[in-house]
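Trainee: One-letter residues, chain by chain:
There are 2 protein chains.
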Amino acid sequence: MRAIAITEPGDEDVLKVVERPTPDPGAQQIRVRVVFAGVNRADLLQRRGLYPAPPGAPPDIPGLEYAGVVDAVGPAATALRPGDEVYGIVPGGAYADYVIVHEREAAKVPSGLTLEQAAAIPEAFITAYDALVLRGGLTPGERVLVHAAGSGVGTAAVQVAKALGCNVTGTSRTAEKLERARELGLDVALHVPSNDALEATLTKAEPFDVALDLVGGPYLPATLPAMASKGRVVLVGLTGGPFAGVNLATVLTKRLTIVGTVLRSRPLEEKIQAADLLRRTLTPWLGRGKIKPVVERTFAFADAPDAHRLVASNATFGKVLLSMTT
Amino acid sequence: MRAIAITEPGDEDVLKVVERPTPDPGAQQIRVRVVFAGVNRADLLQRRGLYPAPPGAPPDIPGLEYAGVVDAVGPAATALRPGDEVYGIVPGGAYADYVIVHEREAAKVPSGLTLEQAAAIPEAFITAYDALVLRGGLTPGERVLVHAAGSGVGTAAVQVAKALGCNVTGTSRTAEKLERARELGLDVALHVPSNDALEATLTKAEPFDVALDLVGGPYLPATLPAMASKGRVVLVGLTGGPFAGVNLATVLTKRLTIVGTVLRSRPLEEKIQAADLLRRTLTPWLGRGKIKPVVERTFAFADAPDAHRLVASNATFGKVLLSMTT
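If you're matching them up, the sequences are chains C and S in order. The first sequence finishes on residue 751 if you use the numbering used here, and the numbering steps up by one all the way, no holes. The second sequence finishes on residue 751 if you use the numbering used here, and the numbering steps up by one all the way, no holes.
Derived by calculation from the structure, the hints in this document are not laboratory data.
If chains are identical, the list can't say which one is meant, so a pair holds when it fits in one copy or spans any two.
Computed list of lysine to aspartate or glutamate pairs in EDC-like fashion (alpha-carbon distance at most 20 Å, straight line):
1) K679 x E694
2) K655 x E695
3) K533 x D509
4) K533 x E694
5) K717 x E608
6) K655 x E694
7) K679 x E695
8) K717 x E541
9) K715 x E541
Note that the coordinates shown come from a computational prediction; the quantities given were computed from them, not determined experimentally.
If we strip away everything but chain C, and leave its shape as in the complex, we get (with noise of 0.2 Å):
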């Protein structure tokens, strides 16, 4: 099979189009042909040698999500069929022509759905539900703020907070990308040009409930005065560098709770119940138009540098996918 290796740590054109073998699936694994893979700030990272595969995964080839199809399924497989069209979230490997997972890692892609806006979906929404509901606690009617509501975890943070009634506001250094995000339901924007306004931005709002912070770095300490008592912070990206300043003393007496999250190192267990989260919570949303994917352009498969630079570049509104077809 074909896939997109990191050939040595390095920039952009380090990544490139090698041959391997194309893998068979074990007892209760499915083997899925890759129609489009999703372009995450993890792929960059591990490209520049600054984030290596956790174990299992393939230690060079990037790609932490999939949709395609299932091409063939171990002999105790019996959830799946060849044929299905399937989605989801893997540790690594997803650019290239193949992943293998197991059967309940994978979740069918609903009607209506196409594999290219199926791909949009499972990192960023599994992040962003997992971090605002599972992590956060986030009730129906609690305000939320979304920093960087314009990223592809930021955008999926701003559809799921709404589908669960809540008060959503969101910032961003782009005032284009927030005018952007209100179509996707944002009630407050708030435009953060530079780091020197944030927290007296911040903390002109009405205090907040949960807080998904995908900057880190001066994000975090500019967060936690706007939080409202019993607050939580999730923090999901550290864009904006890992060292923070905090006041502990805002953290206790408003009791706040700051949780630090990620997805791609999870054991099966949690990675079988972040397919759970795709089938049963995600995919009827979808469904039913309470959430859908932003997609903000698609690369052919040979063109992966040039996605990298692109979501590098901090231009863009959503999702970067790659096409292993074309």
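Got chain C; can you put chain S on it based on the hints?
Mentor: Okay, now just chain S, sitting in the frame of chain C:
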């Protein structure tokens, strides 16, 4: 009635015995004749003007916990009768002959426990149980780290964690306190004479599932690398100061949770939940000897300044109390 008031913000000698009108209970309230009151670090901060009483509490009379005798009940109170021995937490005002509480905020003192012993229970054990179990999600068999294991909350946390069947590691600046904590069930004692060796000492141990941090400041950043995956750090005090430089990459990749919590400012329904903890969990444990009060010293009412000096000295093991009848 007599009370000990903070006559102005300042050192220990601003605490003076004053006369105040004896309050009457409202409909569902009870009046408790306080026999012993606990001294807490929060009282010292309040005395210095750094931690104002919450709305509804006497602004100038400290005291967050009491043990005493029901003296009068409101017309709609049915759970308790005059003469009942009770104990509990209040948002302030326990350094006085009488306190008024909702009848559901008080718990009956179990037989076999003196009022002096009872007064050493509420704040320390409710804080420890609430932090470890309700905020930290501690389950039997997990590994627990208790900072300042010789403090009032620390000695309570060691016992609560042992009662739950956990493995408990404690830190202290004082080797002798750790020896005494071993008698309470401490499994592993980590003597940390200074902050320099803190992180190195903590990360030598096996990773912890839950940490109870009464210190804050430099302790939080040193604790995060010592946590297991999905570990929870519960902050209940800031004797080490409020500012912490946190590496969010550790929080994210280990999927850690940092929770701040404080009892004093909670609303009525949560105070009632705290009393339920006393009634349903801690009182039975006291009866079966699974936990026991740890009293460093009891001072006469008029010697409140000396009691504050002793707590400030850090030379205590367990609780310091005031006797309102001597």
